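Following the hints, put chain F in place on chain L, whose structure we already have.
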Amino acid sequence: AAGVIQSPRHLIKEKRETATLKCYPIPRHDTVYWYQQGPGQDPQFLISFYEKMQSDKGSIPDRFSAQQFSDYHSELNMSSLELGDSALYFCASSLSGSNYGYTFGSGTRLTVV
Amino acid sequence: AQKITQTQPGMFVQEKEAVTLDCTYDTSDQSYGLFWYKQPSSGEMIFLIYQGSYDEQNATEGRYSLNFQKARKSANLVISASQLGDSAMYFCAMFLGRYSSASKIIFGSGTRLSIRP
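In order, the protein sequence lines correspond to chains L and F. Residue 113, in my numbering, is where the first sequence stops; the numbers in between run on with no holes. Residue 117, in my numbering, is where the second sequence stops; the numbers in between run on with no holes.
Isolated chain L (complex conformation):
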């Protein structure tokens, strides 16, 4: 079965650079979520989109932005990167109206040096 696809799997950037993470949800899933997991931490919710509109916002820095495109894939844009942005970034998708089905991608490991 198709899963949530994230790219790239690993990314190394320097401070003050920009990074773009991509997420391709499971086909027919209409909701995408982004989470950030720092070393030794539990995942923290960043932002979500339902039918290409932002639906909820968590602890996402102003330096980050995200959007969901017409094909339902989503991109997380991170600018002016800081060392503290080094983390595992997960995307998850779900289908509204279903009472479970949260599926996570394998994550993108971002290292800022």
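Bear in mind the hints are in silico, worked out from the structure with no lab data behind them. In this text, all values refer to a predicted model and were calculated from it rather than measured experimentally. Mixed in with the good hints there might be a few duds.
[Said to hold, decoys possible] Far from chain L, some chain F residues (derived; all Cβ distances over 10 Å):
id, residue
1, 24
2, 44
3, 63
4, 70
5, 86
[To be verified] Residues from chain F shown here face chain L by an in silico Cβ test under 7 Å; the list is partial:
id, residue
6, 45
7, 62
8, 64
9, 71
10, 73
11, 109
All residues carry an ideal CB built from backbone N, CA and C; glycine is no exception.
For chain F alone, kept in the frame of chain L given last:
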């Protein structure tokens, strides 16, 4: 406020034994869902089991079962006949609302399970 509590930072279990990972939650909502995820050292977040707040029977998925005690607000994960490959971090998580439509998940702090041969 909604919160997930996992009180066991780490556990060691002998292979083939059963293990119970504790999870308690706090919410004033009547509709919610509870998940358990496994995160091996490779980092991916693997779905194990789900329990809806209105489900009357405890969820089971193979060797995994969820001991759901609604009045006590607990949702413990039971792994029967543990295997070496079960060594990983385990997260209990919750979303609010009957449906997952745009509802974020909140996570507990996790339990690191280590299986001894």
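How the hints compare with the structure:
| no. | hint | result |
| --- | --- | --- |
| 1 | 24 | holds (15 Å) |
| 2 | 44 | violated (4 Å) |
| 3 | 63 | holds (19 Å) |
| 4 | 70 | holds (16 Å) |
| 5 | 86 | holds (19 Å) |
| 6 | 45 | holds (4 Å) |
| 7 | 62 | violated (16 Å) |
| 8 | 64 | violated (14 Å) |
| 9 | 71 | violated (21 Å) |
| 10 | 73 | violated (19 Å) |
| 11 | 109 | holds (5 Å) |
When the structure is compared with the earlier hints, violations turn up for hints 2, 7, 8, 9 and 10 and for no others.
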